[in-house]
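If you read the sequence shown in this note's numbering, its first letter stands for residue 167, the second for the next number, and so on.
Rather than coming from a laboratory, the hints here were simulated on the basis of the structure. Keep in mind that the hints are not guaranteed to be accurate.
[Claimed, not checked] Derived lysine to aspartate or glutamate pairs resembling DMTMM-like cross-links, with alpha carbons at most 20 Å apart: (1) K283 / D346; (2) K323 / D358; (3) K377 / D424; (4) K332 / D255; (5) K283 / D255; (6) K377 / D358; (7) K283 / D337.
[What the hints assert, rightly or not] Derived DEER-like restraints, expressed as beta-carbon distance ranges: (8) Q236 / D352: 47 to 53 Å; (9) A295 / D358: 53 to 59 Å; (10) G390 / N328: 45 to 51 Å; (11) D352 / S392: 27 to 33 Å.
We put the beta carbon where it would ideally sit given N, CA and C, even for glycine.
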Amino acid sequence: MAKFSRQLKSLHARVIAGISAKCVAIYCVDACLTRVESCHYNNQGEVTMQTLKRGFAVAALLFSPLTMAQDINAQLTTWFSQRLAGFSDEVVVTLRSPPTLLPGCEQPAFSMTGSAKLWGNVNVVARCANEKRYLQVNVQATGNYVAVAAPVARGGKLTPANVTLKRGRLDQLPPRTVLDIRQIQDAISLRDLAPGQPVQLTMIRQAWRVKAGQRVQVIANGEGFSVNAEGQAMNNAAVAQNARVRMTSGQIVSGTVDPDGNILINL
Numbered sequence: 167m168a169k170f171s172r173q174l175k176s177l178h179a180r181v182i183a184g185i186s187a188k189c190v191a192i193y194c195v196d197a198c199l200t201r202v203e204s205c206h207y208n209n210q211g212e213v214t215m216q217t218l219k220r221g222f223a224v225a226a227l228l229f230s231p232l233t234m235a236q237d238i239n240a241q242l243t244t245w246f247s248q249r250l251a252g253f254s255d256e257v258v259v260t261l262r263s264p265p266t267l268l269p270g271c272e273q274p275a276f277s278m279t280g281s282a283k284l285w286g287n288v289n290v291v292a293r294c295a296n297e298k299r300y301l302q303v304n305v306q307a308t309g310n311y312v313a314v315a316a317p318v319a320r321g322g323k324l325t326p327a328n329v330t331l332k333r334g335r336l337d338q339l340p341p342r343t344v345l346d347i348r349q350i351q352d353a354i355s356l357r358d359l360a361p362g363q364p365v366q367l368t369m370i371r372q373a374w375r376v377k378a379g380q381r382v383q384v385i386a387n388g389e390g391f392s393v394n395a396e397g398q399a400m401n402n403a404a405v406a407q408n409a410r411v412r413m414t415s416g417q418i419v420s421g422t423v424d425p426d427g428n429i430l431i432n433l
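Generate coordinates for the entire structure from the input sequences, incorporating the hints supplied.
Below, the structure written as structure tokens:
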């Protein structure tokens, strides 16, 4: 009996004797489950081979769901780490779905369910051939984000002197927090900003590259030709935004503002 006990302990199980003369309880600690298995002895008081086989079969059944969940969790961690490369260098994934909802294959194909959100509580689709499972996952991501370094008044320009990069949990930040400091170069604050505050896209606008009433160059490009003309901007617009222009002929055209302040039209 002592030898059998040592074998089970090496498999992270414990044999509790004394329940009755012919029965022991096998507790599978790692799977957080409990099962009772009948145990028969021969005339010498030794455990029979039938009991050994049944005991190991029970242990295998209990360990299997846990092993599968750990494997899926590891695959999801790798998948999210690849998707978050460049934003986060520390990703922790926790699978929240119960084992009964896990996909049946060893290496499912993962995809998102239409949400642009990459951290926090998200849903992931796991596909195995014709099988599709929806998994609930929590993703913790740590990386850099843009924060206010010095007070900025409404209408003020964001510069390297008043913003900085900070490191923290991206999944705990407000929505649309800016992660790339280049994204807010020369941006204008739409409200008063306090030091330490994460910068959100809803708090700023890009600086106007073209202003209403300004004389601008309109460049129309077509297949094999390019035409330049001058006009007057009818609205304010930042780089990559749309601007309407009244030409000298009175015609009104619209195009995209380029970094040089020209209005580009593709014909």
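Verification of the hints:
1. A C-alpha spacing of about 17 Å is found between K283 and D346, which places the hinted pair at or below 20 Å, so the restraint holds.
2. At most 20 Å may separate the alpha-carbon atoms for a hinted pair to count; K323 and D358 meet this at roughly 11 Å.
3. Among the hinted pairs, K377 with D424 is consistent with the structure: their alpha-carbon atoms are about 13 Å apart, no more than 20 Å.
4. Between K332 and D255 the CA atoms are separated by roughly 14 Å; this keeps the pair inside 20 Å, and the hint holds.
5. For the proposed pair K283 and D255, the alpha carbon gap of about 17 Å is at most 20 Å, so the pair holds.
6. The hinted pair formed by K377 and D358 fails the criterion: a straight-line CA distance of about 24 Å is larger than 20 Å.
7. Restraint check for K283 and D337: satisfied, since their Cα atoms lie roughly 9 Å apart, inside the 20 Å limit.
8. Checking the proposed 47 to 53 Å range against Q236 and D352 shows it holds: the Cβ atoms sit about 49 Å from each other.
9. Distance hint for A295 and D358: a CB-CB separation of about 56 Å, consistent with the stated range 53 to 59 Å.
10. Distance hint for G390 and N328: a CB-CB separation of about 48 Å, consistent with the stated range 45 to 51 Å.
11. For the hinted restraint 27 to 33 Å between D352 and S392, the CB-CB distance of approximately 29 Å keeps it satisfied.
In this structure, only the earlier hint numbered 6 is contradicted, and the remaining ones agree with it.
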